[in-house]
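Q: Sequence:
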Amino acid sequence: MIDNMIGLRQKYLDAIRALDVEDIENALPSSSYSNFQPLMKGIIAELNKELQEWQESLAFFHNPKDRKECELEAKITKAKIRICERIYLQSFTIEEHHVESAKTQNDNPYNLIFGVNPAGNISFKKDLERDVDRHYYEQISGLLSSLEQGTNLGNVEKGKRLSSSSEKLRGLLEIKGFQLRIIYRELPNNIIYIEMVRVKKDDWSLKDRKEIETRDSLLSKDFERTKKRIKQKDRVEELIIENQQVLSEIREYVEKNTIGRNKNNG
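Using our numbering, you'd call the opening residue of the sequence shown number 225 and step up by one each time.
A hint or two may mislead.
What the hints assert, rightly or not - Mimicking DSSO-like on lysine-lysine, the simulated pairs with C-alpha atoms at most 27 Å apart in a straight line are: (1) 392 to 434; (2) 299 to 289; (3) 455 to 265; (4) 349 to 289; (5) 424 to 392; (6) 292 to 273.
Claimed, not checked - Label pairs and their calculated CB-CB ranges: (7) 254 to 410: 29 to 39 Å; (8) 229 to 412: 21 to 31 Å; (9) 234 to 434: 40 to 50 Å; (10) 438 to 410: 51 to 61 Å; (11) 345 to 369: 43 to 53 Å; (12) 234 to 461: 41 to 51 Å; (13) 455 to 300: 39 to 49 Å; (14) 359 to 232: 38 to 48 Å; (15) 299 to 410: 51 to 61 Å; (16) 456 to 230: 43 to 53 Å; (17) 392 to 333: 42 to 52 Å; (18) 235 to 286: 34 to 44 Å; (19) 392 to 300: 53 to 63 Å.
To be clear, the hints were calculated from the coordinates, so they are not data collected in a lab.
We put the beta carbon where it would ideally sit given N, CA and C, even for glycine.
The whole structure should be built from the sequences, with the hints applied where relevant.
A: As structure tokens, this is what we get:
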């Protein structure tokens, strides 16, 4: 990840150096890029180093032509830094606007974060597509709403800790519908990290436990990254907004594929 960021930063620095001042704004990274702020911060830091080098070089040159060239390069670099700083500072205003919009749109006390597997896929989505029969889809939105609201809805039981002596399941909770389970963990700031959705027909079989243990292990690195990000207050609002979009996509998918829904609306 760090190597990728350094390579990306270098790519933009090369473009900034090659272009005239008036052209660099269009060559800068998009503010919608998830790592825009740290990327821009690194670019500005590198440009400031270059500015300092040009300014220090003036002490070593006595030839008027060389001094004039250093002064010109320092002036150009300074102008480019000002543009980068302006774009960088504007991103904070944009982010605050998005956060305020998210708060307006989401009045629920809990925010849902969906676990991402090592392949980069949302595990909950994959479960729906692969392992959960469409006959159970009608319950999905209600269970997710119950998690968001922290309340009981209909036959849904409030989140319970998994009753097992297994150390591997420590801290895991489940919320139940009819033969349907959503497995999750709680995080600070009223955030719920969702690991899987599954059909559970037995009360508590060895297969049930092993499937949950395997998933929990698979998502462990993503969970720890998410927990660390929340603890360090590292763009948490952005994380919440991204997952609100994921939640919206899941609800849309469920609505579209619920058994009998299309027939009733046809």
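Q: Could you run down the list of hints and mark each one as holding or not?
A: Status of the hints after comparison with the structure:
For the suggested pair residue 392 and residue 434, the alpha carbons sit about 10 Å apart, so the restraint of at most 27 Å is met. With a C-alpha separation of about 15 Å, the suggested pair residue 299 and residue 289 falls inside the 27 Å cut-off, and the hint holds. With a C-alpha separation of about 22 Å, the suggested pairing of residue 455 with residue 265 holds against the 27 Å cut-off. The suggested pairing of residue 349 with residue 289 is violated, with an alpha-carbon distance near 64 Å, which exceeds 27 Å.
A hinted pair counts as satisfied when its Cα atoms are at most 27 Å apart, and residue 424 with residue 392 qualifies at roughly 19 Å. Restraint check: the Cα-Cα separation between residue 292 and residue 273 comes to about 19 Å, which is no more than 27 Å; the hinted pair holds. The given range of 29 to 39 Å is respected by residue 254 and residue 410, whose C-beta atoms sit roughly 34 Å from each other. Between residue 229 and residue 412 the Cβ separation comes to about 27 Å, which falls inside the hinted range of 21 to 31 Å.
Separated by about 46 Å at the C-beta atoms, residue 234 and residue 434 satisfy the suggested range of 40 to 50 Å. Against the hinted window of 51 to 61 Å, the Cβ-Cβ separation of residue 438 and residue 410 comes to about 21 Å, which falls outside the hint. Range check, residue 345 to residue 369: about 24 Å between beta-carbon atoms, so the 43 to 53 Å window is missed. The hint said 41 to 51 Å for the Cβ distance between residue 234 and residue 461, and at roughly 29 Å that hint is violated.
Distance hint check: the CB atoms of residue 455 and residue 300 are about 42 Å apart, consistent with the given range 39 to 49 Å. At about 46 Å, the CB distance of residue 359 to residue 232 agrees with the hint of 38 to 48 Å. Under the hint 51 to 61 Å, the C-beta atoms of residue 299 and residue 410, about 55 Å apart, fit the expected range. Checked against the hint of 43 to 53 Å, the pair residue 456 and residue 230 fails, with Cβ atoms roughly 21 Å apart.
Take residue 392 and residue 333: their Cβ atoms lie about 29 Å apart, and the range 42 to 52 Å is violated. Between residue 235 and residue 286 the beta carbon distance is about 37 Å. The supplied range of 34 to 44 Å therefore holds. One distance hint, 53 to 63 Å for the beta-carbon pair residue 392 and residue 300, holds here, with the actual separation near 59 Å.
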